[in-house]
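For reference, the chains in residue letters:
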Amino acid sequence: MFENIYPQLIGLCAGALLLTSALMVWRHSLLASIRLLALQGIALAALVAVIGIAEGESELVIVSLLILSVKGLGLPWVLAHQSKAAIKQIQESPRLNPTAALLTVTLLTILSYVVVSRVFGLGDSSTGHAAPIGLAMVLIGFLLLISRRRARSQLIGFLVLDNGIATLTFLTSGGVPILLEFAFSLDVLLVVLILHVFAGRMRNKFGGTAVDQLRELHD
Amino acid sequence: MTIILWIPLVAPLALAGLSLLLGPSALRRFVGVAASSAVLISGLLLVSAVLNGAVPESGGGLLRADALSAYMISVVGAVGLIATWGGLSSAASSRTKVAASYEALIALFLAAMSLAVLADSIGLMWAAVEATTIATAFLVGHHRTGRSLEAAWKYVILGSVGVAIALLGIGFIYAASVGTDTPTLSWLLLSQSNLGLDPALITAGGALAVLGFATKAGLAPMHSWLPDAHSQAPAPVSGLMSGVLLSVALYAILRIQSITNLVIGPEFLRTMLSIGGLLSLLVAASLLIRQRDYKRMLAYSSIEHMGLMAIGVAIGPAALPSVLLYVLGHGLIKATLFVISGRILKIEGTPVISDVRALLVRRPGLAVPWLIAMAAIVGFPPFSIFFSEVGIIMAGWSAGLGGVVGAALVLLLVIFAAFTRLTVQMTLGGPAKDVAFTPDYSAHGPRLPIILALAATATVAFVAEPVGTLLLQATAVLGGSN
Numbered sequence: 599m600f601e602n603i604y605p606q607l608i609g610l611c612a613g614a615l616l617l618t619s620a621l622m623v624w625r626h627s628l629l630a631s632i633r634l635l636a637l638q639g640i641a642l643a644a645l646v647a648v649i650g651i652a653e654g655e656s657e658l659v660i661v662s663l664l665i666l667s668v669k670g671l672g673l674p675w676v677l678a679h680q681s682k683a684a685i686k687q688i689q690e691s692p693r694l695n696p697t698a699a700l701l702t703v704t705l706l707t708i709l710s711y712v713v714v715s716r717v718f719g720l721g722d723s724s725t726g727h728a729a730p731i732g733l734a735m736v737l738i739g740f741l742l743l744i745s746r747r748r749a750r751s752q753l754i755g756f757l758v759l760d761n762g763i764a765t766l767t768f769l770t771s772g773g774v775p776i777l778l779e780f781a782f783s784l785d786v787l788l789v790v791l792i793l794h795v796f797a798g799r800m801r802n803k804f805g806g807t808a809v810d811q812l813r814e815l816h817d
Numbered sequence: 377m378t379i380i381l382w383i384p385l386v387a388p389l390a391l392a393g394l395s396l397l398l399g400p401s402a403l404r405r406f407v408g409v410a411a412s413s414a415v416l417i418s419g420l421l422l423v424s425a426v427l428n429g430a431v432p433e434s435g436g437g438l439l440r441a442d443a444l445s446a447y448m449i450s451v452v453g454a455v456g457l458i459a460t461w462g463g464l465s466s467a468a469s470s471r472t473k474v475a476a477s478y479e480a481l482i483a484l485f486l487a488a489m490s491l492a493v494l495a496d497s498i499g500l501m502w503a504a505v506e507a508t509t510i511a512t513a514f515l516v517g518h519h520r521t522g523r524s525l526e527a528a529w530k531y532v533i534l535g536s537v538g539v540a541i542a543l544l545g546i547g548f549i550y551a552a553s554v555g556t557d558t559p560t561l562s563w564l565l566l567s568q569s570n571l572g573l574d575p576a577l578i579t580a581g582g583a584l585a586v587l588g589f590a591t592k593a594g595l596a597p598m599h600s601w602l603p604d605a606h607s608q609a610p611a612p613v614s615g616l617m618s619g620v621l622l623s624v625a626l627y628a629i630l631r632i633q634s635i636t637n638l639v640i641g642p643e644f645l646r647t648m649l650s651i652g653g654l655l656s657l658l659v660a661a662s663l664l665i666r667q668r669d670y671k672r673m674l675a676y677s678s679i680e681h682m683g684l685m686a687i688g689v690a691i692g693p694a695a696l697p698s699v700l701l702y703v704l705g706h707g708l709i710k711a712t713l714f715v716i717s718g719r720i721l722k723i724e725g726t727p728v729i730s731d732v733r734a735l736l737v738r739r740p741g742l743a744v745p746w747l748i749a750m751a752a753i754v755g756f757p758p759f760s761i762f763f764s765e766v767g768i769i770m771a772g773w774s775a776g777l778g779g780v781v782g783a784a785l786v787l788l789l790v791i792f793a794a795f796t797r798l799t800v801q802m803t804l805g806g807p808a809k810d811v812a813f814t815p816d817y818s819a820h821g822p823r824l825p826i827i828l829a830l831a832a833t834a835t836v837a838f839v840a841e842p843v844g845t846l847l848l849q850a851t852a853v854l855g856g857s858n
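So the sequences go chain by chain: V and Y.
Per the numbering used here, the first sequence starts with residue 599, numbered consecutively.
Per the numbering used here, the second sequence starts with residue 377, numbered consecutively.
Please keep in mind that the hints were generated in silico from the structure rather than gathered at the bench.
Careful, some of the hints might be misleading.
Examples of chain V residues toward chain Y, derived with CB under 7 Å [said to hold, decoys possible]:
#1 Val717
#2 Phe718
#3 Val774
#4 Ala781
#5 Asp785
#6 Leu788
#7 Val789
#8 Leu812
#9 Asp817
Derived EDC-like pairs: lysine to aspartate or glutamate, alpha-carbon spacing no greater than 16 Å straight-line [what the hints assert, rightly or not]:
#10 Y:Lys722 x Y:Asp669
#11 Y:Lys722 x Y:Asp816
#12 Y:Lys530 x V:Glu814
#13 V:Lys803 x V:Glu814
#14 Y:Lys530 x V:Asp810
Just so it is clear, the structure is predicted and the values come from calculations on it, not from any experiment.
For each residue, glycine too, the CB sits at the ideal point set by N, CA and C.
So here's chain Y without its partners, still in its complex pose (with noise of 0.2 Å):
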């Protein structure tokens, strides 16, 4: 059971050396793809493994997969594998040396999130944090034009300092633990409610690494990286980055917030958290509304969900469930959504919303896909979106965090405008009269990826047997009940 636990580490990095060693071959481009697939089935086998009552470990406690880890390691896997799948790259181009560095970088990414998600040390979950933007760092200034360039550089600067910020509440962390009989890093250990850790320094600690992590996490007043290096990476690495990397951040946030829930209560994060949510949704709402940039505006969509999952985290136990929801179904469209807007700028030659008209008349094959992944986006159901916004804002209700969802509820109201309208310029409308053209039926790029994903997303909320099991279980972790 416990060799599991080590495949979505071995495996990736096992062929991202594949993918340096190989010579100029087209297989080379299936390395994304065979990653996400091991991180996915050892997810799944986790997942079956955890729902049977198992917490497989190893490496002498290192690694951990209960609930919540099982469930994130299988939505890095899946979302990982609807963005490598969805935005793989013609055979021509992937015997290139570029080519190679590039897949055995996506590889090395996949590794890194699965590491920060596995890992039962929150010191050894920073570092694994700190490798996924060192392994994105070259993967978002691979056009190497001077746009992605700065892109890179605000990157790495800004989620450098933010992680080093949570090394600091790390550090603090520790230094309470070290006031105590055990000096531990362990989050097991630490969440254990009769440890006496000290409540000045695991104040200071856990403000400090929520900080740093929301800055990874993309919450504003943290997020001024994430739309530029969202909108110059390619498609896949988007997609990768807004649907799970994000994620991967915000589970970083839970597990501090498990720990410091149990010495200083909710409230200190919960203001924290409902402050910089608050805060993201209306940066999303102000810069949605003039976007002129169809890649940044799927940027700006992913700070508005993720605001809105801080302020489920904030909310508590009650809002969990809908936020662990949340991140599959957002984790899923959103790839399929940077892999679209990747087909259509490679076909259209130009990121520009207003040069971008009456696709749903010129190119149905890409604009239908892409109008279903906007309904789902902006919360229509069947898809899971809905019923997670639901669920937050009803437990946040009911919680006495009215005022919060009520402010939210209003902001949510506004991005839905700006975004039917921004679609509806880009899809909707005659082509110019003078033009002749032929309707494109072609979807540039496997069509299964997204059908895979649009229909996982639309079903997914309605299916309680295991996938309520397992967000209830992974709910009573954070609780410190299991």
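Excised from the complex, chain V in its bound form (with noise of 0.2 Å):
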């Protein structure tokens, strides 16, 4: 029974990534990102547990709940941690408009699948062939760093990339060991923490976070 939904699952946790990843790069409002976020971290504590209960290893299912709680709910509910009021307010005014950015995350996904298959081959695995998604995220993640100019946008840029990672370790690999599974997760937790907090001084001292403003040092 199970092993004939498996591939289904891999596939439909690996689209709801590419998916989630893509509506991340349309959406505009702040808010709506960081809710594609949350649903991303679901959708890669999911992709995780499937592989674990494939697999039988209970390792990764416990992985998959550490995912949940920090890319799912943790790191999502520290980036909206303000009045929902003021944050509904958040427009991201990026250096690309949607129809050149959606354009540009096409011919990433398709890059990403002409590098994958070229250097490694896609094998005749269901998590084989799902991982050029994990490489898609991490360009698209790159493209959200590159074109936003709010600080707390990029940091979601940078969250996609980590996702991105992530996917793309559980697909080729099956993930790593779980202690270095929860060093990771508490460094990209305090990244997150620090840059959030940077950005909180960013707002008192130029009154925004329009990260257009850092511009002073220069040679």
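Could you use the hints to bring the two separately framed chains together as a complex?
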């Protein structure tokens, strides 16, 4: 029974990951991006749980709970930790218009399929076939980092990049040892907290969080 | 014996806790010094153990000190001691709450670097390198000005993205090992020759991991965070970051290289690191010529030296003893220079080179050590940087990389000229005629760490036993023969 639906579940989770990444590029509202990020965290946790059940590894199920709590709940909560009314107002004005951005996402996804199939070969496992999604997420994360102007939107780009790396690691190697998984999650959590504090200081200092204002230091 | 492995991790953590718990006390300012001393002492103990043929292990093989790790941990301790001791804050200013978190973060930073060089797992090493970013983020933004905030933001974003790319590479390396009988991230096991790792995965993984750690090591073209962060951080932090954090990232590259060399041969990473190294030298040369800020000048000098070290790593085993000696010499001298630059900044109130004139006449107490350290950093003998540079260039020549080291030599000459001009501008000349002054012989801080650092760098190249033996042993570790 499970063997039959396993490839479909993997495909479903991977599809959800790619869809949320693409939607994040499309939507400009910060609140929507944070909700999509939470959704993406849940999809990633589901992916890990599915792999864990398929391979009969209880360790991976614990890891999926860890991912659910950090990426699905913890980080989005930290990012949205501000009054709902205020956060609804925040609109991003990215450097790319939505059409161009979505077109770029398509190109990046095609590119990652080409790269992964050329370099590693897709193999015949369902996880191998989904692996390019991880690379596409990494590239989309980069796109968000480059094209967004606001501090917190850049932060979301960083997290998409990180989710992409996690996806790729789980799909190619079935996850790293659990102790390291804890260390990785803790590191990401702390980096996000630090950047969040800096974004707060920026708001106090410059009256806004547009990263464009940061151009005092140069040669 | 194994307990020594835990000292550089536990002692700084305990001291960090102490700094936070201690009430407003003047003792707090010694936390950084105490933490570095603990790291240095355990490093020296590990070195003596390694020289006696032991390889201490602990934590189920997670911590391991071979000759290379023992050497690196001693460097972390030594440079840390110079930076924290030289940058000791005054008793009055150490009573504040800000000072408590500052000292605690310095101690955490030292613990993270120690873990990075002691971990026998590229995963744990990665986590520790990322932890150094976390510990230094608030240290870079310590002054809370708009500029330091900008520097800190760039540093954390670029540093974390770079290190995240390294994680992707490590993921690939792990995926390669999952294909074998023993899935592992231990570099000891991964650098054994008969594992049968998948070359495609190792190539992609090695390239990404080296690219990621090169960001942290400040190699061009991923260097843009470095001059900002190193010029805005408080002087001891700049000294620690320039002096050892960059080298710890280079250490990570060395470990990755020892894995990829066995599977795909040295050519691939050699090309990558040569390009990165030459680009770094080029960036440093072009931006040093017209540099106006002396702390940024020191930051670009770090990019230059990391570039040359990367070329040394690209050359391979013949150049590695020189590279490792370079790590120590550059660390000590750069920490000294940043400490003195902090004192000049404090007393002169300006980071602009053209505003600081005639330092040798007005403030000989600062100008004399500054001049000596500058001579050391541009590569005058008897300081060890000279011997390291010559060693790398000779090794490159005989390894058939004559073109690369030739180009590097030309760029080094440009950098030498730029440095000389800037230093002369700062120190020589007479003061403005209508201003009365009395020569200031004060060193504006502890003299001893500066003297110790200069003396150590001037003599270390001549000590064949035990330094030479240790460096050769460390090189042997990377060749996979230990």
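message: Flag every earlier hint the structure violates by its number, smallest first.
response: Violated: none.
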